[in-house]
Amino acid sequence: MRFTVKLTIGLLALGLGSGDANAAEITMWARSTTEAYSTAMVKAYNETHPDKVVLNLIPNEQFVAKVGTAIAGGSPPDLMSIDLVYVPTFARGEELTDVTALAKALPYYEKLSPSHLRLSTFEGKLFAVPYSAEASFLMYDKALFRKAGLDPEVPPKTWAEVRADAEKITALGNGTYGYYFPGNTAGNNVFTFLPLIWAAGGDVISDDGSKATLNSPAVLGALDHLRAMWASKTIPPSARNDGAENIISTPASGKVGLWAGGAFTMTGLRRLSPNMEVGATFLPGEKAGQWSSFAGGDAIAIPRGSKQPKLAWDFIQWTYSPEVQIGILARNNALPVRTDLAKNEFTERNPVYLVATEAMAKGRTPYSFVYNDLLNSPQGPFLRMLQRAVFDGDVTGAVAEAQKRFQQIIDTGN
Amino acid sequence: MRHHGLTGWLFVAPALCLTSVFFLWPLAMVGWISAHNWPLIGRPRWIGWRNYLSILDDEIFLGAVRFTVTYAVLITPILFIVAFVLALLANTKRRGVGLFRTIWFLPTSIGISTASVLWVWMLNGDVGVFTTILNALGLALGPVQYLDSTGAATVAASTMVVWKTAGFTMVLLLVGLQGIPIELHEAARIDGASYWQDFRHVTLPLMRRSLRLALVLSVTGSLLVFEPFYIITRGGPQNGTISIVYWIYNSAFGSFRVGYAAALAIVLLAMVLAINLAQLVLLRDPDDA
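Going line by line, the protein sequences match chains A and B.
Under the numbering used here, the first residue of the first sequence carries the number 1, and numbering increases by one thereafter.
Under the numbering used here, the first residue of the second sequence carries the number 1, and numbering increases by one thereafter.
Hints were generated in silico from the structure; no laboratory data involved.
Since this is a predicted model, take the numbers as computed values, not measurements.
Backbone N, C-alpha and C define an ideal beta-carbon position, used for all residues, glycine too.
Stretch-level coverage of chain B by chain A, calculated; a stretch enters the list once three of its residues show a Cβ under 8 Å from a Cβ in chain A:
no.	segment
1	34-45
2	140-148
3	222-236
4	251-265
Sequences are here, hints too, so could you generate the full structure?
Okay, here's the thing in C-alpha cells:
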C-alpha cells in the first residue's frame, strides 16, 4: 500500500516534470558588479521567452574561486559572465567552450568590442564574447572649475595641465582638493592609472604578457605626476587609506576637482549629489594629443560541462539586440558592446557617456594569465609600486622593484 | 577481556569515524594536492616536492610568518591580563556582576567576520565613531587615520580581537577561579596571607589547568588569525599585516595556486602542532603524570 502511494507520487512528479520539458531552464552566473543590467536582462528575457534563465549573482572577489570550484566539482553553470581580464586564464585552463564558429556567424561580429575579442582569444580560438563594457576617463567638477577661475568647458589635456588645474582648485581652501584617487586599491588604480602610462606610450607588460616592461620613461613619468600632486598636498590625505570605499562619496562631496572613473559611478554620483555638474574628458598623457583608456567590463562564456550550450548561445545572441544594448545596458550606465550601437539616445543626452563610449573604442586591456597576481591583487607588485612611489616618494626604487617582481610572477605563472 | 576491548572500540567508534571523515581524510587530500601544480582553473600536474621548495623563496610568506608570530606573542599576554582582570572582577558577588559578565561576553557571540566589518566602519577615519569621540574630547581635530602604518593597523585590529575574545577567555578563567574551594582562601587568610600572597600562592597554582587550556586556545587562535587582517587591514599598508592563513587563502583564491596553498597549510599545521606540544610540555602539571 505504502509502496503504491510512493509510486503514484513518483509518477506524478515525473508527469509534472515532463509537462515543463519543452520550456528549459538554464543557470547563469555573473559577478555582483553587473547586478543592475544582468538582473534587467534576465527579467526581460524571461518575460519574452518560453525558456527561463536563472541568474546567480556572486560577490566580485569570490567569483573566480566559486566558478573554479564548481567546474572542478563537475557542476558548472550553463552560462557565465566573467571579468574580461580573467578570460585568458579560464581559456588556458580549458574550462570554456570554443565559440569561434558561432561568433563569426553573427552579422555584426566585426562590430563587437575589439578589446573583448582580443582578451577572449586563446591560441587562435574564441572562448568568450563581449557582455558589457566599461571604460575609464577623467572626470571633473564643473562648479569647482568655475570657482577656481578655470573654464569648465576646457578640461586639462596633459599631465602638467592636470597639475596646474588641481593646484588652482586646491588654492580655494576650505578643505578643497584638486585631485583625488583611492590609494589603497589595486583594481581601481589599474582601471584609472594604467591609461596614463599607455597614453604616454609605455606599458607594464608586453602585448603577449610574457615580459615586464616597467623600466620606461612613461611609467616613471606617470608615477612622478601623481607623486608631485601628493607631495604638494593637492590630493586629500584620506586618499592614502582609501580602498575604493569612497570613490563615489568623495567626488560627490563637491570638495575635489578632478578624478578618474567610469560611467558606472554616475548612478551613485547622481544619487548622492543630484545637482552636481560632472565634466568628462580622456585620461591624458604627458603631451597634448595623447590619451588612453582601460577597456574593461565582462565577457560571456559557456563553461565546459554546460548542460544547455545551445540555449546559452540563444541568450547571448539575444543580448546583442538593440533593445538590450541600448534599452538595458546604456540605460543602466554600462556601455554597449556593439560599436555600431555605441552612439545612442543616452550618449546624445549626456556628454559624459559620449566620452566613455569613445574611450572604450580606443581602450586597452592587459592580456595576462597571471593578471590577478600582477595587477589586481592588493598584495601584488602593482599596488606596492604605486604606494611606494606616490606616498613614500621613492619612484625609481618602486619601479625597479616592480619590474623584478612582475617578471618573477610571469615566469612562475606561464 | 576481549569483550571489554570490543566494547571500548565501540565507544570510540563514533568519534573515530567523525575524525577520519572530517579530519584525517581531508588532511590526506591536502597532502596529495600539495604535491601537485594544482591550478584553481585547469588541470593538476604532479610535481612532487616543488611546492615546498618554492616556499623558501616566498618573501611574503616568510614575512607573514614573522608577522603572525609577533602578533601572537604580543596579543596573548594582553588578552590574558585583560581577561584575568575581568575574571577577577566578575568573580565577586556584588550587585550587577551578572550584567558585567554578560556585557563582556556578548562580543563572543558575534561572528568574527561580522565583528571585523563592524570595526571597519568604527575605524573609518572620516565618519567612524572613534573619530567622533576623539574630536568630541578635543583629542583630535578632523579625520584620524587608524590604519596608515603597520604598527597602527596591527594595534587597531588587535584591539578588535581583544574586545571580541576577552569575554571568552574570561569565562574559561572564571571557571578555574570558581573551582578553587573557598576554604583554601580562608585558610590562607587565617594564616595571615595578604591578598597578593593568596593570589600568588593559592589562586595561580590552582588555576594551572584553566590557564593552560586558555593559553593553548589563545596561542592557536592567534597563529590562525585571518579575518581581522583580511577584512580590517586587508594585509596593508604595503603588505605589512598579512597573516599566514591570509596568505594561504590568497595563494589559493587570489593566485589560483591550490597546490601551493595546500603545501603552505601543511607547513602551518606542523608549526602549530610543534608550538602546542612545546606549550603542553612546558606547562605540564606534575600531578598529571
